[in-house]
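For chain A, the structure is supplied; the task is to place chain B on it using the hints.
Chains A and B, in that order, are what the protein sequence lines are. If you count by the working numbering, then the first sequence holds residues 2 to 422, one letter each, in order. If you count by the working numbering, then the second sequence holds residues 5 to 126, one letter each, in order.
Hints are computed from structural coordinates only; laboratory data are not their basis. Virtual Cβ for every residue (Gly too), placed ideally from N, Cα, C. Some clues are possibly wrong.
Where chain A lies over chain B, by a calculated footprint (3+ residues, C-beta under 8 Å) [what the hints assert, rightly or not]: (1) 50-64; (2) 114-122.
Restraint-style ranges between C-beta atoms, simulated for each label pair [to be verified]: (3) A:N130 with B:F7: 18 to 28 Å; (4) B:D26 with A:K212: 50 to 60 Å; (5) A:R327 with B:S95: 45 to 55 Å; (6) B:G114 with A:A268: 48 to 58 Å; (7) A:R74 with B:L32: 34 to 44 Å; (8) B:K81 with A:S413: 34 to 44 Å.
Derived lysine-lysine pairs resembling DSS-like cross-links, with alpha carbons at most 30 Å apart [to be verified]: (9) A:K57 with B:K83; (10) B:K81 with A:K182; (11) B:K83 with A:K182; (12) A:K387 with A:K403.
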Amino acid sequence: MEHDIVIIGGGPAGLAAAIAAKEAGADDVLILEREKELGGILNQCIHNGFGLHTFKEELTGPEYAARYIEKARELKIPCLLSTTVVDLQREGGGVTVTSVSRQDGLLQTRTKAVILAMGCRERPRGALNIPGTRPAGIFSAGTAQRLVNLEGYMPGRRVVILGSGDIGLIMARRMTLEGAKVLCVAELQPYSGGLKRNIVQCLDDYGIPLKLSHTVVDIRGKERVSGVTIAKVGQDLKPIPGTEEEFECDTLLLSVGLLPENELSRAVGVDLAPVTGGPIVNESLETNIPGVFACGNVLHVHDLVDYVSQEAAQAGRNAAGYVLGRRASGGAGIPLVPAGAVRYTVPCTVDPARMDSEAVVRFRVGRNMRRAVVTLKAGDKELLRKKRPVMAPGEMEQLIIKRDWLTGSEGSLTLEAREEE
Amino acid sequence: MAFVELTCISCPLGCPLRVETDDEGRVLSVTGNTCRRGEEYGRKEVTAPTRTVTSTVRLTGGGSPVVSVRTREDIPKGKIFDVMAAIRSASVAAPVHIGDVVIPDIAGTGVDLIATAEREAV
Chain A
2 MEHDIVIIGG GPAGLAAAIA AKEAGADDVL ILEREKELGG ILNQCIHNGF
52 GLHTFKEELT GPEYAARYIE KARELKIPCL LSTTVVDLQR EGGGVTVTSV
102 SRQDGLLQTR TKAVILAMGC RERPRGALNI PGTRPAGIFS AGTAQRLVNL
152 EGYMPGRRVV ILGSGDIGLI MARRMTLEGA KVLCVAELQP YSGGLKRNIV
202 QCLDDYGIPL KLSHTVVDIR GKERVSGVTI AKVGQDLKPI PGTEEEFECD
252 TLLLSVGLLP ENELSRAVGV DLAPVTGGPI VNESLETNIP GVFACGNVLH
302 VHDLVDYVSQ EAAQAGRNAA GYVLGRRASG GAGIPLVPAG AVRYTVPCTV
352 DPARMDSEAV VRFRVGRNMR RAVVTLKAGD KELLRKKRPV MAPGEMEQLI
402 IKRDWLTGSE GSLTLEAREE E
Chain B
5 MAFVELTCIS CPLGCPLRVE TDDEGRVLSV TGNTCRRGEE YGRKEVTAPT
55 RTVTSTVRLT GGGSPVVSVR TREDIPKGKI FDVMAAIRSA SVAAPVHIGD
105 VVIPDIAGTG VDLIATAERE AV
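Isolated chain A, as found in the complex (with noise of 0.2 Å):
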């Protein structure tokens, strides 16, 4: 089989990437996606408040995705589902991809541009170190979340839940609607990594604590989960002994961060950036292998879905351009370089000659910010300043750049975020 663009993924990046290609001309757009149906990881998030910025109304995960899905079918894109794909290798000027399905078994396709989409993974708990015995009831965040609200099926009964990112809020408000009783919250950093509202929404609205400055030092049980102990750590992010409270439950939730998920992206000799563990992309998204692009949460892990269409749209738009030759591809681009506060940014380095009129930068801080100023200098030459009156590491942030900004540049461009003086 040959196309001019595959898509790897079918959730709301690919989806995005696949609709923004064929609108922008490009006729052969096919999407590889390994579940049974298209929507990724949205179809498990049945919570509202999505599409805030895209709709302007509140949907729930499936019914977000159920609108690109539409979109998708209307313009005719065709779609591989069950298949996974299972290698990327550059051929010519080219990739082949190889996928397995039950329908097709091993399947080879020739393709110009490939659309990498395929979304993140939780950190599992072989990441984490945590001592003790190795029992049944211990699940990530969005593993209980598939199991409840796909599989009509509950983990467990008395929970602890380890780390505050978003995917272990909604679970602590959905396992006690569900019945559950969820002990604790119990996070490792002095701040949460979710979003306020679901911090108040979630855990608040349901007298469920949140232990700042808190870890599982402790897992206990032989075939089952019969408890775990939490301590408070220091400054160091130690647990400072003496402080250990024992919690008796049955299962033990882990949300404790996204990764990136890209062995097809390295198999075909993508170079990722350790900072977020997804590809090094210039403004047009596009990777250091010529045709190959990358959107989504596969790129950086994102805090909203709205951001993900937006970027994956662009991802398409710009995969569309270079098949049908109307964008130049590679190129060496000016570097963006983060500074202070600033902990990366999406895209790495901006060509002018290429560019739009305007590129759009994503970022994110590593330290909770009050009264920042974020500023973009091109050598000594201020392009940008902004004040922001709050800045948090759980939020991600965006800012345009625009092309006239750029003539007569030279060096590299940097990004800083710090406190007002």
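Then chain B, alone, in the frame of chain A:
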């Protein structure tokens, strides 16, 4: 007189609010907010808090055990567990489409419970 402590959720600032009420539960003052929306949020949360409830209802003949649902609009916060009890005792047969009414006027709230996912009959 009584005081209620809240965190405002109108924006990421998360101002700590202190709402003062009289003996009849009427709001006398909201302090701690830094904008007008904070005051409105504080007043509503103390006098008539509402929430959208999302959950799942048992599904028959649809190839999966449950289908996701939500209240079409917000319901009074105090009715959340009544709504959940009604949801738990309900079941619905496929096909189900987004927006289909699963339980009309759930738990006497005047608000319908609607499906939020597509489930074809199989």
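So, going through the hints one by one against the coordinates:
1. 50-64: Since three or more residues must qualify, the claim that chain A covers the stretch 50-64 of chain B holds, with 7 doing so at under 8 Å.
2. 114-122: The restraint on the stretch 114-122 of chain B holds, since 3 of its residues have a Cβ under 8 Å from chain A and three suffice.
3. A:N130 with B:F7: 18 to 28 Å: 43 Å, violated
4. B:D26 with A:K212: 50 to 60 Å: 35 Å, violated
5. A:R327 with B:S95: 45 to 55 Å: 53 Å, holds
6. B:G114 with A:A268: 48 to 58 Å: Given about 56 Å between the Cβ atoms, the range holds.
7. A:R74 with B:L32: 34 to 44 Å: Hint violated: Cβ distance 55 Å, outside 34 to 44 Å.
8. B:K81 with A:S413: 34 to 44 Å: Violated: the Cβ-Cβ distance is about 51 Å, outside 34 to 44 Å.
9. A:K57 with B:K83: 27 Å, holds
10. B:K81 with A:K182: 19 Å, holds
11. B:K83 with A:K182: 19 Å, holds
12. A:K387 with A:K403: 15 Å, holds
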